[in-house]
Every structure is written in structure tokens, then in C-alpha cells.
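The primary structure of each chain is shown beneath.
Number of protein chains: 2
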Amino acid sequence: MVNQAADPSGAKHIVQSFDDDMNGLTSKIIQMGGFAERQVADAVEALVNRDIVSASRVIERDKEVDHFEEEIDQDVIRILAMRQPMAVDLRIITMALKISNDLERTSDYAVSIAKRAQRLADHPEFAAMNQVRRISEQAIGMVKDVLDAFVDRDVEKATDVWNRDQELDRNYTSLFRELITYMLEDPRRISQCIDLLFIAKNLERIGDHATNIAEKINYMMLGSSINQPRRD
Amino acid sequence: MVNQAADPSGAKHIVQSFDDDMNGLTSKIIQMGGFAERQVADAVEALVNRDIVSASRVIERDKEVDHFEEEIDQDVIRILAMRQPMAVDLRIITMALKISNDLERTSDYAVSIAKRAQRLADHPEFAAMNQVRRISEQAIGMVKDVLDAFVDRDVEKATDVWNRDQELDRNYTSLFRELITYMLEDPRRISQCIDLLFIAKNLERIGDHATNIAEKINYMMLGSSINQPRRD
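Just so you know, the sequences run in chain order B and A. UniProt numbering applies: residue 1 is where the first sequence begins, and numbers increase by one. UniProt numbering applies: residue 1 is where the second sequence begins, and numbers increase by one.
Excised from the complex, chain B in its bound form (with noise of 0.2 Å):
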């Protein structure tokens, strides 16, 4: 086992090699992040534009995900058996662990919307559309923000995408609202619509996962949660 009291004469060299693990670790799961991102962006434009062939790149991709998820378990698990992690680095790399569930679970979404954009290139263009593209902005920024407070170790920024959940709720809400009138107007559309139901609640899903990770980091670099009453 490596450690810093065993080798004096090493401290430095060993410092650096934690100080490398950490960022090699950090480093990962921007990628993820950025990923996950990624596919849920292109998700969501295979969808505005009906186009069959990005969506399916979307779901191919999918595998990759279980990559970095797998690779990012193996660097907490090495890290913590050859290091002795204490405090706020122990804190970072066991919510590392989590976020990378979160991110995970983010790109599922996202090839959930793609399977479901390949259904709905076949049907006439949909009014809805530009409150689901609004929708998925807001989730993406989110999803953005919240990897640059992780980068950053920045609680503020974390703290203020764990306030937009609330906004991004509300227009869920009121296209979901939206959906359902068109459904009753014209029951040939039931399909269609419930197909963009669940992509609308995809992405409502996906800025939860944002504020999950909001409030992993405010727990890492603070030790507590955030304080605020939570979201319903």
C-alpha cells in the first residue's frame, strides 16, 4: 500500500499522484457530463428535425455511458485502496461515485427520447415542439451548470441550478397541461402525444438529476445538505 508516512523521502512525488488522481477523476466525470449532455442534445434535435438516423446514433451510443460509469468506479475504488482520502477529498470522491449514477441515468433519458423521436418522425409537425425544445434547454443548461459547479467546486453555482428545478417544473406542468387539450381535441393524435408526454417528463427528469448533483457537491464541500425547504 502506498503511503506518504511509509516513504518520506517520496511525499512529493506521492502528493502529486494524489493530487493527478483527483483530477484524472474530476476529469471523468466532465466527460461523462459532457456525454450525457451531448446525447440528450442530440436527442432532442433528432426529434425537432424528425431525423431517424441521429436518433438511432443516440441509441448506439448508449454503450459508451456504461464505459466511463465502469472506468469511473474502478478510479474511486483504486484511489481509495491505494491513498488514504480524508475530509473533503474523501467527500468528492464517494459523491463522485453518485454523480456518475446521476450522469448515468441522464443519458438513459436521453436515448429513452431518441426511441421515442424515431416513432414521432413519422407523424405531421406538432405545435408543442418549441416548448419541448424550451424545456430541453433548460434541462441541458442545467445539466452544464451543474458539471462547471463540480469542476469549479463552486456551491453558489450549484445552489442556483438547484433553484431553476423549480422554473423548469412549472413548464413541464403547463405542456403537460398543454398536451393533454390536445389529446381531448383530437383523439387521432393520442399516440403522438403521450410519446411527447414522456419525453417531456424525460426531461423534467433529467434536471432532478442536475439538482441531485447540486446537492452532492453543496453535501462535499460543505459536509451538510442544502438547506432549503425541497421541491415538491
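No wet-lab data here; the hints were simulated from the structure. Any given hint could turn out to be false.
[What the hints assert, rightly or not] What follows is a list of derived Cβ distance ranges for each label pair:
1) A:Arg-57 <-> B:Gly-223: 30 to 36 Å
2) B:Ile-30 <-> A:Phe-126: 44 to 50 Å
3) B:Ala-87 <-> A:Glu-178: 51 to 57 Å
Every residue, glycine too, gets a C-beta built ideally from N, C-alpha and C.
For chain B, the structure is supplied; the task is to place chain A on it using the hints.
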């Protein structure tokens, strides 16, 4: 830092404490899992019996699951800081952290079902309810059995749960189609059917989380992924 080698005279005491730590962690995962399983069962009972009061209780109890998750996070961080777990122990501890995430989501889906149960309590009786109940029994059975597999460190039982997810997915798809047919036949039932569609989806997702836990058990015991083609 507690270190066995640094204090050979206390080795037995420390070995026992480490076992206590591991047993304590396992026991908290089981308590959390039992809680999540009960939340799902109670939410479905509230739905079937149109019992608004029981549904409210499920919603109110949700904060308890956050306490479980916080306690598990803190236990893991404490064990990692105090001990130097290696190999399978280290994998169990890190996977416990991720399993608690899956259980938190499971309980979250129970709340979502309970909220819809409250809305549906005013609607007339519905034929599809039997299928909803059947799917819920399958999903709850998977959660229960995967928790047993976790306690017993039983890879075979975990793989069995993993395989059962396909049947749950098939039943979900068949219920989905049936609900669409009802909506087309009687548009007045649209909003009721949408609530049932989302409930079915929540139950299907609960099965996915049990499947995720099965994969984690496999990884923690064998250090490798379940080597089978992934379900769609």
C-alpha cells in the same frame, strides 16, 4: 487513524469492530430497501383501494428515505476514513453507496404512484387495475429478492432478478397498449389512463433499479459485470 498493524494487541477488537461496521452498513441497506419496498406496496394498495389517506401517508413518509440515504453516506465515509477496507470489502462499501441511490429512486417512484392514486380515487373502477397490480407484484418481488441477494452475497439470486426484468418489461408493454386502446375508445378516460400509464412506467422503472442493484451485487462479489446481452 485506526490501523491494525499499528496496534497488534488490539487487533481482535478492531477486527470485530470492522465486522460490526460492515454488518451495520448491510443492515441499513436492508432497512432502507425494506422501507422502499413497503412504500411501493402501500402506494399500489392505496391506488387499488382508492384510499386517499394511505396515499398521503406514503407521501409524508418520503422524507425518511432521505435520512436513510444520508446515514448510509455518512457510514460509508466513516468506514473508509477509519478502516482500510480492501478487495471485496471495498467493493461492497462503494456499491452500498450506489445501491442506496437506487433505493432512493425506488421510494421516489412510490411517491409518484401515491400522488396519482390520490387523483385517481375519484374515478370509476377500471379493468386494467388487475394488470397494474400484477406488474407491481413483479416489481416488488424483484426488489425483495435483490435485497435478499445482497444480504446473502448471492450472485445466482441476483442474476435471477436481472433475468426477470424482461418479463416485467413485456407485461408493461402489454398494459401500455391496452391503456392506449381504452383512450381511443373513450376519450373521457384520457387523463385517467395517462395517470395509469405513468404508474405502469414507474413500476417498470422500479424493476430497472432492482436490475441495477443486481448488477452491482455481481460486480461487488466478482469484480466483473454481468456477462449477458443487456435488455433493451
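| said: Within 30 to 36 Å: is that where the Cβ-Cβ distance between Arg-57 of chain A and Gly-223 of chain B falls? | reply: 32 Å, holds
| Range hint compliance [Cβ, Ala-87 of chain B to Glu-178 of chain A, 51 to 57 Å] | 54 Å Cβ-Cβ, so the 51 to 57 Å window holds.
| query | Range hint 44 to 50 Å: satisfied by the CB atoms of Ile-30 of chain B and Phe-126 of chain A? | reply | 47 Å, holds
Comparing the model with each earlier hint shows no violations; every hint is respected.
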